[in-house]
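Chains as they are written, first to last, in my numbering: chain L, 1 to 120; chain W, 1001 to 1510.
Heads up, some of the hints might be wrong.
Lysine-lysine pairs mimicking DSS-like chemistry, simulated, CA-CA at most 25 Å apart [claimed, not checked]:
{"hint": "1", "chain 1": "W", "residue 1": "K1497", "chain 2": "W", "residue 2": "K1385"}
{"hint": "2", "chain 1": "W", "residue 1": "K1313", "chain 2": "L", "residue 2": "K85"}
{"hint": "3", "chain 1": "W", "residue 1": "K1476", "chain 2": "W", "residue 2": "K1440"}
{"hint": "4", "chain 1": "L", "residue 1": "K85", "chain 2": "W", "residue 2": "K1051"}
Derived from the structure by calculation, the hints contain no laboratory data.
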Amino acid sequence: MNIDIESTLRAQRWRDPPPEFLERVLDRALQNVAAPARTSRLLALFAFIPRPLRLPLAACWLLAFFFRVTTPEAIPQSTLESYAKLPPMTPAQLLANRQQIERLADELLQPQHHGVIPPL
Amino acid sequence: MVSSRPYSVRIARWLARLVCNRRTGWTLFCLASLITLYYQWENWRSARELKTAHQRLVERIGTDDWVAFATPGVPDEQNFFALPVVEQWLHPNGEGLKYTIPENAFLPPGFIKPPIIEAKAGVASQVDFTAWAAGRDLKGEAPAVAMNRELGDGNGLLPQLAAGLSRPFSAWKPVQREAYRKAGANPYEAAAPNVGNVNTAVRDLALHLRAAAAAGDVEKTRSTALILLRLFPESATSHSWLVGSLFSTAVHGMAFEALQDALGRPSWNEEGLRMLQLQLGKIDDLDVMERGMSMDALTGFGGGIYIRETCRKGWSATEGLRFSADDGSWYKPTEGILTRLGYVYGPTGWHDANIAFFVETYLDMLGPKGESAWMDGRARGEALKKRRDEEYRHLDWNMRRKIGALALPNVGNLFNAAAEALFRRRCLIIACALERHRMKHGVFPPSLAAVKDDLKPFPVNDPARPTQMPGYRLEKDGYLLWSLGPDAKDDGGAKDKDFLWRMKLNTEQQ
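Can you make the complete structure from the sequences, with help from the hints?
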């Protein structure tokens, strides 16, 4: 048996919907379309980023921004500037000072005072 | 169909398409993002570490400005070290200054030095007068008297120095604070005094003292004892830096040894003993060591900040650092260059972390404030070693630790040495009081309570017990004083467990 299940529908006479109905539906449709249009333009920018990278990259840059903003000022800027104005204080001088101290400690102090503080 | 383009161009285009595609671009972008994140995270956490370390530094030392911390000067007319006889030894030495004491300045020409019998079990070392006199014709003179006569007035230097003993200070020139100011606050460029032949000069002065005391020369014993303490030991404390502190501990030790020997001879009068006590009471060896270490921490901190602030302006700030020992291998120079590049172009946080590491470790070595804090020095050292083993295992390539670790001196437990020097100093102060008691009553007292009033102006507690005096007991021909030592256990003056100071009265003229 081959029953045409749409036959009843086709048999019905077509009536145009009332103009009020059309106007209402059209208005609503226009309102709904306007908003997604703006969103999609914004999304189009993100769409440029491959989907699997969007979230990790966003998290990465947000975190970087967070660290940047919350990094404290370790030493007051004025102090840093005054240190930077010092005449050249080369690391070689720093090391020479360390070696002089170590040599003197070894020479001048008795062996029982050569303690356990390690060479770091 | 064969392409008209050359083969090499086609290869280049193929390679360019392979590399310059969207996927490679995104990979690079992701890498750049991760590196940015790492830089920000590193800066963030290291700035916190440095902020904490800086706060701790300021709280512990009281300042982060080493020029303000440096010892101020004293007027020449109040400075024992500015006597003309001392200034004649002062010579410019490049950018610094050097005190050059002529060899055998205090000994007459041709004088043969006597052998010294080494100290043992807390008894002071002594001059071997018998060995010195052997083979000499002293014409009936006692060896000590003959030696004292031969030594005389130290080529005329002792009276000139004795004339300045009323000056209240003894400070090296140039004055530390002025020297730092002149060097634009660079502590390593500042003109630091350098005293040559100092060990010999102290030993020769000590010989004068020992010989005078053994010969019964009361006046020379008094003035030489004071000169011995003031000329080099006291002046070494006038510069707050670790080199000066080490120097002070060492030369004080030599002077204390001679004084201990001299106090065992009946060559003292009331006035001489009181002046000796006052001179000894001026200095606290633990305080001297603490100031030296504090200055070293401050200048090391400043050095780190300087490198941080200037390393991007050129290579000079890092080029002196030997980041890898040159063992002849091909990669070591490359490793050194890469490390320097890392510090120039890497995150600022690496510098902050290094400075924080240096400061924190140094302050751990320095320990808390307090008179008995030195006793934990060994435990602090062991804790540092443990921490190094656990936390800083890969120090060779740890960019957050390398510079800090390079700047830290491996000097052992300096506070133990300073505490022992302080104990000996206090024993000498107590010995003066006991000697006065002996002069008055003929014997040493059975307990230190008998000389308590005499000792009132001086801090004479056991460095290991802030509220008690050192242990004391009478012995044959003298007495024993002992400190609990770093283990803080009273072993009743046991050898090798407590710090010992033994007085053996020597009334025979030698």
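Each hint, compared with the structure:
{"no.": "1", "hint": "K1497/W with K1385/W", "in the structure": "24 Å, holds"}
{"no.": "2", "hint": "K1313/W with K85/L", "in the structure": "12 Å, holds"}
{"no.": "3", "hint": "K1476/W with K1440/W", "in the structure": "19 Å, holds"}
{"no.": "4", "hint": "K85/L with K1051/W", "in the structure": "21 Å, holds"}
Comparing the model with each earlier hint shows no violations; every hint is respected.
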